[in-house]
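K.L.:
This is what each chain is made of:
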Amino acid sequence: MKETSHLRTENLTVSYGGAEALKNINVEIPEKQITAIIGPSGCGKSTLLKSFNRLLEENDGVKISGRVLVDGADIYSDSEDITCIRKKMGLLSQRPYPLPMSIYDNIAFGPRIHGMKKKAGLDRLVEKYLSLAGLWDEVKDRLNEPASRLSIGQQQRLCLARGLAVEPEIILADEPTSALDPKSSQKIEEEFKKLKSDYTIIIVTHILRQARRLADYVLFIYLGELIEHGPSRQIFESPREQVTREYIQGVIS
Amino acid sequence: MTSRKKIEELFFKCLMVLSLLAVMGSLVLIIGTVIYKGAGSMSLDMITSTPEGGYYLGKKGGILNAIAGSLILTGIATVAAIALALPLALYINLYRARRSRFAEMVRLSMDFLWGIPSIVYGAFGFSVMIFLGIRASLLGGIIAVTLLIIPIMARAIDEAVSLVPRELLDSSYSLGATRFEAAFKIVVRQCLPGIVSAVLIAFGRGIGDAASVLFTAGFSDRIPLSLSEPAATLPLAIFFQLGTPFPEVRDRAYASALILTVIILALSITARVLASRFNRHIIK
Ligand SMILES: Nc1ncnc2c1ncn2[C@@H]1O[C@H](COP(=O)(O)OP(=O)(O)O)[C@@H](O)[C@H]1O
Ligand SMILES: [Mg+2]
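Chains as they are written, first to last, in this note's numbering: chain A, 1 to 253; chain B, 1001 to 1284.
Read the hints as simulated data drawn from the structure, not as lab findings. There could be a bad hint or two in this list.
[Stated by the list, open to error] Anything over 12 Å on all C-beta distances counts as not near chain A; from chain B, calculated: (1) L1088; (2) A1097; (3) P1230.
[Stated by the list, open to error] Below, in silico cross-link-like pairs of lysine to any residue (SDA-like), each with a Cα-Cα straight-line distance of 25 Å or less: (4) A:K88 x B:E1104; (5) B:K1185 x A:I85; (6) B:K1185 x A:L143; (7) A:K187 x A:E127; (8) B:K1185 x A:S148; (9) A:K63 x B:R1101; (10) B:K1185 x A:T13; (11) A:K119 x B:E1181; (12) B:K1185 x A:E57; (13) A:K119 x B:T1178; (14) B:K1185 x A:R124; (15) A:K187 x A:H206; (16) A:K23 x A:T13; (17) A:K88 x B:S1162; (18) A:K118 x B:F1180; (19) A:K117 x B:F1180; (20) A:K32 x A:E127; (21) B:K1185 x A:N59; (22) A:K63 x B:E1104; (23) A:K88 x B:P1165; (24) A:K63 x B:I1201; (25) A:K117 x B:S1049; (26) A:K117 x B:V1188; (27) B:K1185 x A:A120; (28) A:K63 x B:R1189; (29) B:K1185 x A:K32; (30) A:K183 x B:R1189; (31) A:K187 x B:I1283; (32) B:K1185 x A:S102; (33) A:K63 x B:K1185; (34) A:K63 x B:L1227; (35) B:K1185 x A:A21; (36) B:K1185 x A:R149; (37) A:K183 x B:E1167; (38) A:K63 x B:Y1095.
All C-beta atoms, glycine included, are put in the ideal place defined by N, C-alpha and C.
Just chain A, same shape as in the assembly (with noise of 0.2 Å):
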């Protein structure tokens, strides 16, 4: 393959008070494409992408072995700052989190804790973000409300412009559509395809069809395991493991 990585775990393991919920992940993130970590819930997909930012010890009691690297350097090493890392990527929850501020000041947020406070220089980032998250059109007019009053599906929209005004190189998605409706799942679908070909998206999903959709490559776990991981077709069409297979089929799930 040609591309290239741009993020990669190695001997990843996390647990959590004891109970195993990762075993030992090698795996590596094409730049720039879209993967999707697809497996039954509880498997430990939210765990993995937790881990790629850090989020995972704000839990209690996880214990985290093994390495995940991002451009070739460990983000858990100790001269590693932790608002950078974070910074780095993009976050999108199972249902969509605005900030208790307006519209405005959601996009804001991010670019002002990091330094930037001019006026004009924030209006023009608040105005790129939400254009390319496909939300400018419709909240144009009223960037003073709190976002809280926007619909379920342009709160999402809005959560993916917020994380994108911190210039991230990488954007997690948890099930970022399972909150939503149809028209508003392809909404965030279509604005992923555009997205790729400036990020890294790493998407976790049950829902098959959408990784179907979406994604470039796709990881398969089961039970904390990584069962297989390789571009969408092969692992769609030709799994080499029985569990992938059956997962794939519908026989699990």
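Take the given structure of chain A and dock chain B with the ligands to it, following the hints.
P.N.:
Relative to the frame of chain A, chain B with the ligands by itself:
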């Protein structure tokens, strides 16, 4: 079987309605008594002038000294308590794991401190004052009342902060926010309605408490103009007026209670209004 369930249902429904009636009834009775007995002696003088010579024998004057004393004392104590309780609540929820043994231990101690009678805070404040060499004064009262209301405020803020969705914190952190930024720029905003009501509950407990200020704030017929002057408070004004043999002074005690009740009512309404204004930003 079904008829038994019906009786069961009816019985418990009656029980609930009865307890509701008992609670609301006593509330109405208390407020009614205060109004009935106090309204007669209520006058503009009561709230605009300080006691003049012979006030406690039934002569002219009012209780502005106690109104001002209570508001100033409890106001400053509340601000001081916020300054301590808010960081404490943020610390145990954000800097420590929410359910860690440490956090639970802090919660347990707050609950314990909450249950200690206020006279004990008064006595403790008094010994702190002796240690510092200060006499019964506004400052002494502030120290005692601050200590008295910290536990209730800290626990109420803690309740609010612990309800902040994990994902909101995750979102803040993934934007590159530090814990400090997440705490003060996002969590505090998210919890503002809860914090406002925590502050109100604490203020209410502070302004209504007599025992904690008895030895620490003293009493004075003048409005305190500095921290070292003794300060009158409404609960003590009520207490002293009730203790006189003169019926007209005792009625003024009820008028004073009415004033205290109105202050608390006004604050509750303000807090409600504020809380609902802040609420519009929040997604639970
Ligand atoms: N904070 C936590 N504390 C303890 N166990 C957890 C925690 N989060 C997840 N787990 C456990 O780790 C396993 C993987 O969870 P998760 O990564 O959320 O799975 P998925 O996203 O694939 O549904 C599950 O068995 C779950 O119960
Ligand atoms: Mg999950």
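K.L.:
Does each hint hold? Answer for all of them.
P.N.:
Evaluated hints:
With a closest Cβ-Cβ approach of about 19 Å to chain A, B:L1088 is found to remain outside the 12 Å limit, as its non-interface label requires. Consistency note on B:A1097: stated as away from chain A, yet its beta-carbon is not over 12 Å from all of that chain's, at 4 Å minimum. No Cβ of chain A approaches the Cβ of B:P1230 within 12 Å, the least distance being about 43 Å, so the stated non-interface status holds. Simply put, A:K88 and B:E1104 have alpha-carbon atoms about 35 Å apart, too far for the 25 Å limit, and the pair is violated.
Proposed proximity of B:K1185 and A:I85 is supported: the alpha carbons are some 20 Å apart, at most 25 Å. For the hint linking B:K1185 to A:L143, the alpha-carbon distance of about 19 Å falls within 25 Å, and the restraint holds. Between A:K187 and A:E127, the direct Cα distance comes to roughly 18 Å. Compliance with the 25 Å bound is thereby established for this hinted pair. Restraint check: the Cα-Cα separation between B:K1185 and A:S148 comes to about 17 Å, which is no more than 25 Å; the hinted pair holds.
Restraint check: the Cα-Cα separation between A:K63 and B:R1101 comes to about 18 Å, which is no more than 25 Å; the hinted pair holds. For the proposed pair B:K1185 and A:T13, the alpha carbon gap of about 34 Å is over 25 Å, so the pair is violated. For the proposed pair A:K119 and B:E1181, the alpha carbon gap of about 20 Å is at most 25 Å, so the pair holds. At most 25 Å may separate the alpha-carbon atoms for a hinted pair to count; B:K1185 and A:E57 meet this at roughly 21 Å.
Taking the CA atoms of A:K119 and B:T1178, the gap is near 23 Å; set against the 25 Å cutoff, the hint holds. Using a Cα cut-off of 25 Å, the hinted pair B:K1185 and A:R124 holds, with the two alpha carbons roughly 22 Å apart. The straight-line distance between the Cα atoms of A:K187 and A:H206 is roughly 18 Å, inside the 25 Å bound, and the hint therefore holds. For the hint pairing A:K23 with A:T13, the CA-to-CA distance comes to about 5 Å; that is within 25 Å, so the pair holds.
Distance check on the hinted pair: A:K88 and B:S1162 sit about 28 Å apart at the alpha-carbon level, beyond 25 Å; violated. Taken as a hint, the A:K118 and B:F1180 pair is honoured in the structure, with Cα atoms around 22 Å apart against an allowance of 25 Å. Note on A:K117 and B:F1180: the hinted pairing holds, with a Cα-Cα distance of about 19 Å set against a maximum of 25 Å. The straight-line distance between the Cα atoms of A:K32 and A:E127 is roughly 24 Å, inside the 25 Å bound, and the hint therefore holds.
For a cut-off of 25 Å, the pair hint linking B:K1185 to A:N59 stands: about 21 Å separates their Cα positions. A C-alpha spacing of about 22 Å is found between A:K63 and B:E1104, which places the hinted pair at or below 25 Å, so the restraint holds. For the hint pairing A:K88 with B:P1165, the CA-to-CA distance comes to about 23 Å; that is within 25 Å, so the pair holds. Using a Cα cut-off of 25 Å, the hinted pair A:K63 and B:I1201 is violated, with the two alpha carbons roughly 40 Å apart.
Note on A:K117 and B:S1049: the hinted pairing is violated, with a Cα-Cα distance of about 51 Å set against a maximum of 25 Å. Taken as a hint, the A:K117 and B:V1188 pair is honoured in the structure, with Cα atoms around 22 Å apart against an allowance of 25 Å. Using a Cα cut-off of 25 Å, the hinted pair B:K1185 and A:A120 holds, with the two alpha carbons roughly 22 Å apart. Proximity of A:K63 to B:R1189 is assessed by CA-CA distance (about 32 Å); at most 25 Å being required, the pair is judged violated.
For the proposed pair B:K1185 and A:K32, the alpha carbon gap of about 33 Å is over 25 Å, so the pair is violated. The suggested pairing of A:K183 with B:R1189 is violated, with an alpha-carbon distance near 32 Å, which exceeds 25 Å. Proposed proximity of A:K187 and B:I1283 is supported: the alpha carbons are some 22 Å apart, at most 25 Å. For the suggested pair B:K1185 and A:S102, the alpha carbons sit about 13 Å apart, so the restraint of at most 25 Å is met.
Restraint check for A:K63 and B:K1185: not satisfied, since their Cα atoms lie roughly 29 Å apart, outside the 25 Å limit. With a C-alpha separation of about 53 Å, the suggested pair A:K63 and B:L1227 falls outside the 25 Å cut-off, and the hint is violated. With a CA separation close to 33 Å, the supplied pair B:K1185 and A:A21 exceeds the 25 Å bound. Distance check on the hinted pair: B:K1185 and A:R149 sit about 20 Å apart at the alpha-carbon level, within 25 Å; holds.
Between A:K183 and B:E1167 the CA atoms are separated by roughly 24 Å; this keeps the pair inside 25 Å, and the hint holds. With a C-alpha separation of about 18 Å, the suggested pairing of A:K63 with B:Y1095 holds against the 25 Å cut-off.
Hints 2, 4, 10, 17, 24, 25, 28, 29, 30, 33, 34, 35, counting from the list given before, are not met by this structure.
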